[in-house]
Amino acid sequence: MNDRRGFRTGLFLGLMVTAALTLSCAGPNKLAQQSEKAYSKGEVEKAYQKAARALRKEPENRRARAAMTQAAAQLMREREVEIRGLAARDTVAAGKRSLALDDFRNELLQYRIVLPPDPDFDRDEAQIRLA
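Note that the sequence shown covers residues -26 to -1, 1 to 105 in mature numbering (1 follows the signal peptide of the UniProt record, and there is no 0).
Hints in this document: simulated from the structure, not taken from any laboratory.
Treat each hint with caution, since some may be false.
Stated by the list, open to error - Lysine-lysine pairs mimicking DSSO-like chemistry, simulated, CA-CA at most 27 Å apart:
no.: 1; residue 1: LYS15; residue 2: LYS31
no.: 2; residue 1: LYS20; residue 2: LYS70
no.: 3; residue 1: LYS4; residue 2: LYS15
no.: 4; residue 1: LYS20; residue 2: LYS4
no.: 5; residue 1: LYS31; residue 2: LYS11
no.: 6; residue 1: LYS31; residue 2: LYS70
no.: 7; residue 1: LYS31; residue 2: LYS20
Modelling step: build the complete structure from the supplied sequences, incorporating the hints.
Shown next as structure tokens:
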């Protein structure tokens, strides 16, 4: 009887561990899907992180690349608005935030994500950095 209970307990624990590992090891397509879902809910940072995880697992995954590009473009727009708003009040803070934006751009380059240029923001950013 004890052997039977021990076997069931061991089997149950084994199944739970397997299930946990399966859920935690989502593949690139699943992560891309989660990214798309997060983006549609307005959770842009979460969408970006999910897509980044997918691309780390499979750098050529088109769905993950599209999801990351979409999320990155939105994050870039938000940061541009933030920097312009800061510049109206505090050019030093805007300059620092602009420099931090370079880290984001470099991260995108590591994933080979290229966003379309925004000449107006590029001009504004150059003026902020010179101020």
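So if I understand the rule, the pair passes when the alpha-carbon distance is 27 Å or less; does LYS31 with LYS70 pass?
Violated: LYS31 and LYS70 sit about 32 Å apart, past 27 Å.
Going straight from one Cα to the other, do LYS20 and LYS4 come out at no more than 27 Å?
holds, 14 Å
If you draw a straight line from the CA of LYS20 to the CA of LYS70, is it 27 Å or shorter?
The hint holds at about 24 Å.
Is LYS4 within 27 Å of LYS15, Cα to Cα?
holds, 17 Å
Given the hinted pair LYS31 and LYS11, is their alpha-carbon gap at most 27 Å?
holds, 19 Å
Does LYS31 pair with LYS20 here, judged by a C-alpha cut-off of 27 Å?
holds, 17 Å
Below or equal to 27 Å on CA atoms is what counts here, so check LYS15 against LYS31.
Holds, because 24 Å separates the two Cα atoms, which is no more than 27 Å.
The structure fails to meet hint 6 from the earlier list, while all remaining hints are met.
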